[in-house]
Amino acid sequence: MTIRYSVFGAALLSATCLSVVSAAKAADSPIRNRSIGYVMTTEYRAIWDTPDGKKECPGGLNEGPREQFKVLYPEKPGVKYSIVDTQLEREGDIWWPKKEERIPYQYSIANTSIGINLDDKVGPNDMTSPEGEKGIDNQLQRAWGCVPNYRSGSYNLGAFNNWRKYLYNIVLIEITDVDSLENDDDVTLTTYRGLDRTMNDATGKQYLVGTTQRTDERWGKRFISKFKGKIKNGMLTTESADYFLPSASGSSSVIDVRYYKSRWQLALTPDHAEGFMGGYMDVDDWQISSNSTRSTHHQAYGAASTASIYRAMRKMADAKPDAIDGENRAISTALRVRLTQAFIQHPEKSVSENSSAKKAD
Amino acid sequence: MRLFQTNKIHFASRATNSVSKFAIAIATAAVLVSCSDTTAPTAPSKTSAAAVSPATDTAETDGSPLRLRLVTAEQLHNTLAYIFGPNISPPVAFAPVTRTDGLLGVGRSFAGVTPSQLELYQKTAATAALEVVNESNRHFLVPCTPKSEEASDDACASTFLASVGRLVYRRPLEADRLAQYVGEARDASARLKDFYAGLGIALEGMLLSPRVMMVSERSEPDPANPGKERLDAYSLASRLSFFLWNAAPDDLLLKAAASGELHTQKGLARTVDRMLASDRIASGVRAFFDDMLMLEDFNNLSKDAQIYPQFTGVAVVDAREQTLRMVVDQLVTKNKDYRDIFTTRETFLSPSLAALYRLPSTPGWVAYEFPEGSPRMGILTQAAFLAAHSHPGRSSPTLRGKALREILLCQPVPRPPANVDFSALENPDPNIRTQRERVSFHLKNPVCAGCHKVTDPMGLALENFDAAGQYRETEKGAKIDASGSMDGKDFTDIRQLALVLHDHPAVTQCLARRVYSYGTGSPSNIVPRTEMAALYKQFEAGGYRLRPLLRTITLSKAFSTVREEQAPTKTAAASVSPAAASVQ
Numbered sequence: 001m002t003i004r005y006s007v008f009g010a011a012l013l014s015a016t017c018l019s020v021v022s023a024a025k026a027a028d029s030p031i032r033n034r035s036i037g038y039v040m041t042t043e044y045r046a047i048w049d050t051p052d053g054k055k056e057c058p059g060g061l062n063e064g065p066r067e068q069f070k071v072l073y074p075e076k077p078g079v080k081y082s083i084v085d086t087q088l089e090r091e092g093d094i095w096w097p098k099k100e101e102r103i104p105y106q107y108s109i110a111n112t113s114i115g116i117n118l119d120d121k122v123g124p125n126d127m128t129s130p131e132g133e134k135g136i137d138n139q140l141q142r143a144w145g146c147v148p149n150y151r152s153g154s155y156n157l158g159a160f161n162n163w164r165k166y167l168y169n170i171v172l173i174e175i176t177d178v179d180s181l182e183n184d185d186d187v188t189l190t191t192y193r194g195l196d197r198t199m200n201d202a203t204g205k206q207y208l209v210g211t212t213q214r215t216d217e218r219w220g221k222r223f224i225s226k227f228k229g230k231i232k233n234g235m236l237t238t239e240s241a242d243y244f245l246p247s248a249s250g251s252s253s254v255i256d257v258r259y260y261k262s263r264w265q266l267a268l269t270p271d272h273a274e275g276f277m278g279g280y281m282d283v284d285d286w287q288i289s290s291n292s293t294r295s296t297h298h299q300a301y302g303a304a305s306t307a308s309i310y311r312a313m314r315k316m317a318d319a320k321p322d323a324i325d326g327e328n329r330a331i332s333t334a335l336r337v338r339l340t341q342a343f344i345q346h347p348e349k350s351v352s353e354n355s356s357a358k359k360a361d
Numbered sequence: 001m002r003l004f005q006t007n008k009i010h011f012a013s014r015a016t017n018s019v020s021k022f023a024i025a026i027a028t029a030a031v032l033v034s035c036s037d038t039t040a041p042t043a044p045s046k047t048s049a050a051a052v053s054p055a056t057d058t059a060e061t062d063g064s065p066l067r068l069r070l071v072t073a074e075q076l077h078n079t080l081a082y083i084f085g086p087n088i089s090p091p092v093a094f095a096p097v098t099r100t101d102g103l104l105g106v107g108r109s110f111a112g113v114t115p116s117q118l119e120l121y122q123k124t125a126a127t128a129a130l131e132v133v134n135e136s137n138r139h140f141l142v143p144c145t146p147k148s149e150e151a152s153d154d155a156c157a158s159t160f161l162a163s164v165g166r167l168v169y170r171r172p173l174e175a176d177r178l179a180q181y182v183g184e185a186r187d188a189s190a191r192l193k194d195f196y197a198g199l200g201i202a203l204e205g206m207l208l209s210p211r212v213m214m215v216s217e218r219s220e221p222d223p224a225n226p227g228k229e230r231l232d233a234y235s236l237a238s239r240l241s242f243f244l245w246n247a248a249p250d251d252l253l254l255k256a257a258a259s260g261e262l263h264t265q266k267g268l269a270r271t272v273d274r275m276l277a278s279d280r281i282a283s284g285v286r287a288f289f290d291d292m293l294m295l296e297d298f299n300n301l302s303k304d305a306q307i308y309p310q311f312t313g314v315a316v317v318d319a320r321e322q323t324l325r326m327v328v329d330q331l332v333t334k335n336k337d338y339r340d341i342f343t344t345r346e347t348f349l350s351p352s353l354a355a356l357y358r359l360p361s362t363p364g365w366v367a368y369e370f371p372e373g374s375p376r377m378g379i380l381t382q383a384a385f386l387a388a389h390s391h392p393g394r395s396s397p398t399l400r401g402k403a404l405r406e407i408l409l410c411q412p413v414p415r416p417p418a419n420v421d422f423s424a425l426e427n428p429d430p431n432i433r434t435q436r437e438r439v440s441f442h443l444k445n446p447v448c449a450g451c452h453k454v455t456d457p458m459g460l461a462l463e464n465f466d467a468a469g470q471y472r473e474t475e476k477g478a479k480i481d482a483s484g485s486m487d488g489k490d491f492t493d494i495r496q497l498a499l500v501l502h503d504h505p506a507v508t509q510c511l512a513r514r515v516y517s518y519g520t521g522s523p524s525n526i527v528p529r530t531e532m533a534a535l536y537k538q539f540e541a542g543g544y545r546l547r548p549l550l551r552t553i554t555l556s557k558a559f560s561t562v563r564e565e566q567a568p569t570k571t572a573a574a575s576v577s578p579a580a581a582s583v584q
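Residue numbers (the working numbering), protein chains in the order written: chain G, 1 to 361; chain V, 1 to 584.
Accuracy of the hints is not assured; some may be wrong.
Said to hold, decoys possible - Distance condition first, Cα-Cα at most 30 Å in a straight line; then the derived BS3-like pairs of lysine-lysine:
| hint | chain 1 | residue 1 | chain 2 | residue 2 |
| --- | --- | --- | --- | --- |
| 1 | G | Lys205 | V | Lys476 |
| 2 | V | Lys336 | V | Lys266 |
| 3 | G | Lys232 | V | Lys476 |
| 4 | G | Lys121 | G | Lys261 |
| 5 | G | Lys121 | G | Lys226 |
| 6 | V | Lys537 | V | Lys336 |
Just so you know, these hints were derived from the structure itself, not from any lab.
Since the structure is predicted, the reported quantities are computational estimates derived from the model, not experimental observations.
Next up, chain V with everything else stripped away, as it sits in the complex (with noise of 0.2 Å):
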């Protein structure tokens, strides 16, 4: 019981400190990027938190931006789960970041960090040690016996610190980091007479640094082009790692970049296949998926229950589920051309889910295959994409349609005016049955029809599908017409939306440009036009196959160079220095 209070206290008083050095971190890094938009044109900076600011559209240098990039409640998990195994997973949720250029990966180099997330920080770290330094776990995640399970072990304790901490800090611990570490296992096992307990703490600490929390990207001189910057070794490592796997480098790749493989074509051509083989790659492209798909709006998604009594709690989580299972399937497991995911009858069935689509199903997950001529066909006419993207009482041609727009073609759709009149749209004349009656006033208004008639027509080929997704042939008795006509190719229902989609260029351009800014963690809006143009050409080179298309990235000098672009102005330059020192 003493010991338990003494343990208590210790941590508490630990994880103040810690996050107090987090804090004053976090907050100047983040006073950086909220300065960033703002800067003046100044030399490159050779710390992430020093170069953090988008530059235009005209600019003709190679590379990409350094970024400093929260880590995701999933990166975390994933990395946790390499390090000491999936049973280590304590519960991790981390607040929203603000989309950027269509993603939240982007949108996390630009996110600050607020005292509640900290405490969250604190609650994961703390949770993690303690669940690897307990009883039923430390005898095979701690690599070496204490000479005393009551005492200090320098020896012990270090050689678990700067293993646990070089994949965590995803690079060498520094000699006086490491001791730093062992000193406070060191201190904290003495006075609880605990050496697991004293190294908890220690790790902990480590778990709540801002270089385990953030991703801090270094560059360094590139022998290959005199007077540019390239990432430093781990800092590609780190970018590839959390671009492929979701999670950070596991120890082949941080040996790559001890031996400088990760700097050679060959050697980051070997690395590269490597990472595109495994089967962590799936991680990878779930999280990709999710971000662009925008699948996070599942976590607080709803319908009106009276409406749609199908749709339940849990079949909200089995359509964001089954939309990245299919996604993962068609083109990591069968490699199929990316295009195909708007077309494919294969997908897969819950139990909750089946019911929702009326189909009979099996316990558990299974493989799923809608027959030909069925009007399910493709990632549009699954309840995730349908079901987000309508409204919790009734369907949304206006939604889906700026939707398919904004996040799959990559053409933002401007918001509506501060002033528009819905009185026309919301008429409750019972005569007016079905949608494409109802937003047929888009159209005729001409403020409205600028905007609608990109998005209308093209939501309305997904008519067939109510709001949570369920197939309809009627709405309110009425035939619901699903025709339509989308940059000059007609439809007639959604399967011909399909195809249509299928082969429509700004499909794939889309996707490579959204693949680029995730991998890179910037807008692709800096990237010249004719490099993004060429990204294009190897795509499609690859059958618009996603693993050549990350290859492409990837080995590209884009992804491992560093862009020259606007640096900080005076004011926030002075302010970068403590918060880049702290940072690493």
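Chain G with its partners taken away, still in its complex shape (with noise of 0.2 Å):
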């Protein structure tokens, strides 16, 4: 009788024990009910440079608005410029484009660059990257690589990185059904639009994990895609889906910019995604975007002349024919993205439904 109930008090203490661990364990992951969220803190442009430019850029870099000002319109003796022939003709061209470039543009030349593989093909246009992955999609790279506003050092690129504390370009990622962050052969990724700014860390430099972000399913619906995808060795790679993603410049204009076809590529770790996020760029999204944005003042800090840079990436455009003139108008392109792991909140639910408190496996 007392070594049954010996063993029946072992047996007790050890489900006692297992419970607390359970529950602890869970308390402790960050994957609950199946799913695990990432709030976008760091984005720039993926764009492969070399220190001097001459491998991709032998002609040289491009210059900006100011100084293809001065080439259009040197300074000569005797010679009177109306506004409407230059300011308002420049003006014109920046909003609506001319077709043919005035000004020779250099385009990357190296087939080097990054970011991810967009068709799963490898074609005659596809880059290559520098650990020698080929098929990557990444025809941004051509029309930007010799723009120094996207080069690495460029003042600028601190300044797009800084977008995504904006509270209206907070970008959700939620990862559903989703059993390991090392593999899984079927997960989801949904992308939405987050309301909550993001925090820092005790450190002040880096970013805080686990916070909560409300997610935006009233307003910012078109944020909302859904991504078929696998998690292999810890990498998580989607299907194609079409998706917007919101881009607004602190308190000024709000133009979103459409990405289609486009995929993620992230390694994951219970603390952080990164990695690329890719698609095809609808050119003339960016353009509105980025003239509506951004002041010709700034983008002469980073030598960006945006009615040169439409022209080009009209060039290399690879995809979206238009139907009219049969022209692409969407570009291969990889946003480098770093993501901190956040607990989403759904609208829909309270926040213990939302919590492992009720739901622990």
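Using the supplied hints, reconstruct the complex from the two chains, each of which is provided in its own coordinate frame.
What follows is the structure, encoded as structure tokens:
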């Protein structure tokens, strides 16, 4: 009898301990109800370059709008320009670009770039990564690779990255049906616009892991896209879907940019996701967004002449042919992104329903 | 512009006079307080200034000593909010005082005031006065309209100052004192050609009075006990109000004091019941637990940001708030057993705290219940306790065990000897991975073991939480063993330790002692053991609920009668008179 009770007691104690450990593990893991969320905290355009640019830009780098203006309208003795013929003409070209480029444009000629294979093919225009991966679709590398604005060390790279801090630009991803961050052959990635500002951690230099982000499912429906995917050795690769990237610059205009047949490739950890979001970016969306959110003054910082860049992008565009003229209107590209783990809060659910409290495995 | 300059000059002059007077009063009182430990027995004094010395454990008399206590920043804030509304909220930050008998509330009876502290008082008083009489507030905070806004008006000034004076002095203003303030308002208004500016200057002087910034208790003969003293009605009202509401008495309480109701058993009970039923009781309970749990440490708490990036500045503030919200919710809102704060899974979360706990949340504070089986249960597993009693870069079973003993069980742990050798503890050997392995040196050394055996085994139960209060199962790759024992009871983890504490008799006795000390401003060791034992029994009979305990203490003879105790020496007594006179 004593032995029986001892065994029963030990079993009970073990069960209690296991229960505690199980609850603790569930509470400690960011995977809740077979889902994990992240908020985008870093975004850089996937452009490859060398320090001196000679390999990809042997003709030198492109000049900016101010330099172009001087070339187009040089000061000459006896020559008087009207505003209509100069500044307004230039402004018209920025918003309604002419087809012909009047100033020679420098394209990146190297076949090296970073990004992801958007079509699962290796085509003649595809790039090869510095590590040797073939089939990378990144025609934007050719259009932007010799524009100082998008090259390493550019002042504006930091400014673009900061855009993700603006409340409108909060990008959330939620990976559902996930059993393991190491290997899972059937997961779903859903994108949302978030409603909560990102928070810094105690160092002030990194983002706080494990914050809660509410999804905007009322006004932000267009930002919701679903991507089927697989996780292999900690790397998530999704299939393609169209995606709207919220794009506002501070308090100024909001012009969102469409990415057709986009996909994600992310190395996952419980705290972060890092990799690429690639797709065929709508060139006209980009043009309107760029002109609306950054004046010529700001574009001049990075020698980024929108009119010339637009023409280059149209020339290199490799997707979405126009129904009338047959010319492509989208260009393959990618964003180098880093995301930080966050709990995703859907509007229809209460705190406890979103938490592990009631549904911990 | 001219008026502004005049105003500034006058304020400065006025403030200098006030500060000087205040400084003399405070300095003398401080001398008295500091001398009181060496006093010889004489007859009881009739002023608090003359009766601040602690007595011995062997005294057999009833009552508690009269006290002269500094008002805390929070008490001043609450008082101004009651009188003028929450918009009148000058930044108030007073210097810390020394903790005595585990409480700052007791330490305030033994504190001095420095010149810089006086400056803070003056700034606070000036800011509050300016806010009250500014153009946005004057029309509803001043209950009368002057005949002219550019001249003095004694009748209106008197109406306002008498009304406010009664509330800030916590008793009616004497006629000559009121006349003095009205006179100051008159002079200032005339000089500045501005009624409200003059009124503000008089109000500043009033707020800066030692009688406002300090709670000076007075006694009177107790008719029910010939030869004994009791608190006078207004002193009793203040003691009740600062204890239960952490603010000066309200209008009704002062009326009860004026009518003599507080000196009748029924009247006192009626008043106490009203105060316990008021929402303002939450402020009193918050203040007590903030004090008892030493949460003022959070004013300076920091962790190594590289090791604990989740422990943000906002999380530090919220950790303190979380504990206070939980305590008030359990003990006031839900009227639960005090012991439940050690075992409850209910708490509150803010976004930054949720990130620290790795939990989802929503904006603002939300109620949250940890799931059954969670290692988070009770106050010990909240970030406030875990982080406050850890090192900046690592957890500390010793600090946590010590805090548990001293704060929650009222069992003082001796300080380490001056020549203690930390080398074994700080051995950089990488094979020592867990804190359990590290502190095991304590128990091997007989010199250390005497104290550490009462702290470390309890503290080790909290090792599943790092120095920032985050849950962990391993430390440097080694699985954490959170088992231990406490006063003969074994446990395997924090959940079982919480249950051991829940049933530990010292836990409830400690709370009763601390509440008594906090309410009376006196160390509990001056109370006869028989009286304290009776208090413990009543606490038990009340189901360890806080409200019945507060009721028992506030209705006890000890709370309202004045204890005969050692009086100052002749030298100290000689310096008492002017101080007492000034303070009154």
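Could you tell me which of the numbered hints above are not met by this structure, giving the numbers in increasing order?
-> No numbers; nothing is violated.
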